[in-house]
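Peer 1: Please model the complete structure; the sequences and the hints are all you need to start from.
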Amino acid sequence: MSKTFQQRVALLIAAGFLLCIPAWSRAQSPPAPPETLAQPIASEGLSLHSPHWELTLDGQVGIPSGHIKVGERDIPGTELQLHGDLGIAPSEAVGGSVAYHFTSRDALRLSFVYFFLRGGETTTQPIVYNGQTFPAGHVDSNLDFYRLSLAYERVLVPIGPRGQLIGSVGLTYVYLNAVVGGNPEDFYKQELPIPIFGLRLEYPVSDRLNRVCSLSGGALPRVNSGRQEGGTVYLQQSHADLGLGVAYLLARGLQLEGGYHLTYFTQHETSHEDDNAILLLDHGFVVRLTYRF
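Numbering (the numbering used here), first residue to last: 5 to 297.
Be a bit skeptical, because a hint or two may be false.
[As the list claims (entries may be wrong)] Straight-line C-alpha distance at most 25 Å; calculated DMTMM-like pairs for lysine to aspartate or glutamate: (1) Lys73 x Glu83; (2) Lys193 x Asp148; (3) Lys193 x Asp279; (4) Lys193 x Glu277; (5) Lys193 x Glu261; (6) Lys73 x Asp148; (7) Lys193 x Asp245; (8) Lys73 x Glu195.
Honestly, the hints are just simulated from the structure, not real lab data. Predicted, not measured: the structure shown is a model, and the values here were computed from it.
Peer 2: The following block contains the structure:
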């Protein structure tokens, strides 16, 4: 794990600590009368989605695979494996979201995630990237990208005092400027918002512990991006995210979640001049802190 990522995680923990202070202060309030102590957690105002606002912070470390290919029609690019050819491993990501629950069942959520995909590797044969041929030798790469999403969420099926099945629909946008050997390819210039649909199941197994499962995805078939670069640029793009984990209620309004997260992202751009594609398949472990108020 890189020193830079450790610094990012430290900042994330510090931010989470600031979020924890109000909840901890409430948790230290004088004990309730005996008859109140016997009541379930949900009756103490710890229901997960009763507050109006929700903030999340998360960090992730993963094992990436996939490839990138950037070339021109008359100079095809080399298909470069993210791990084997570019030495990108592990992946690192930080993110967060803010949601407003305008009813007990409906919310709007704005979320952001930044993926760090950087590496270096020594190649044994020449490679072609974005019209440039690199001789055999060491090549550095930076495929960092960020993703911004806006979604409407609705509780479809309540499950007990804290569990529920939540559906969502929204849009996601990716900003990617892929650099290999100092040569950048601006994928973001052809990017369009992609429709995303999702489901999240929160199933209580005790007063404080929930099982959590989430699945979301969306795609854009080959469409005219509205951009011109050596002719009309056509864009095709897909996304999928799968999460499996557990969530533990630390205190009133404060929840810690951890588990497995799969990220799938593919983008393909074609025009009379260019033929560019990227595929990312990332298996990661994510930790998320949620504060509701």
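Peer 1: Would the hint linking Lys73 and Glu83 be met if the CA-CA limit is 25 Å?
Peer 2: Between Lys73 and Glu83 the Cα gap is close to 5 Å, so the pair holds against 25 Å.
Peer 1: When you check the alpha-carbon spacing of Lys73 and Glu195, does it fall within 25 Å?
Peer 2: Holds - the C-alpha atoms of Glu195 and Lys73 are around 17 Å apart, at most 25 Å.
Peer 1: Does the structure keep Lys193 and Asp148 at a Cα separation of 25 Å or less?
Peer 2: Roughly 15 Å separates the two Cα atoms, so the pair holds.
Peer 1: Could you grab the alpha-carbon distance between Lys73 and Asp148 and see if it respects the 25 Å cut-off?
Peer 2: At roughly 16 Å apart (the allowed maximum being 25 Å), Asp148 and Lys73 satisfy the hint.
Peer 1: With a cut-off of 25 Å on the C-alpha distance, tell me whether Lys193 and Asp245 pass.
Peer 2: holds (24 Å)
Peer 1: Please work out if Lys193 and Glu261 have their alpha carbons no farther apart than 25 Å.
Peer 2: Violated - the C-alpha atoms of Glu261 and Lys193 are around 35 Å apart, more than 25 Å.
Peer 1: Lys193 and Glu277: Cα distance at most 25 Å?
Peer 2: holds (15 Å)
Peer 1: Would you mind confirming whether the straight-line C-alpha gap from Lys193 to Asp279 stays at or under 25 Å?
Peer 2: Holds: Lys193 and Asp279 sit about 14 Å apart, inside 25 Å.
In summary, the structure is inconsistent with hint 5 from the numbered list given earlier, while agreeing with all the others.
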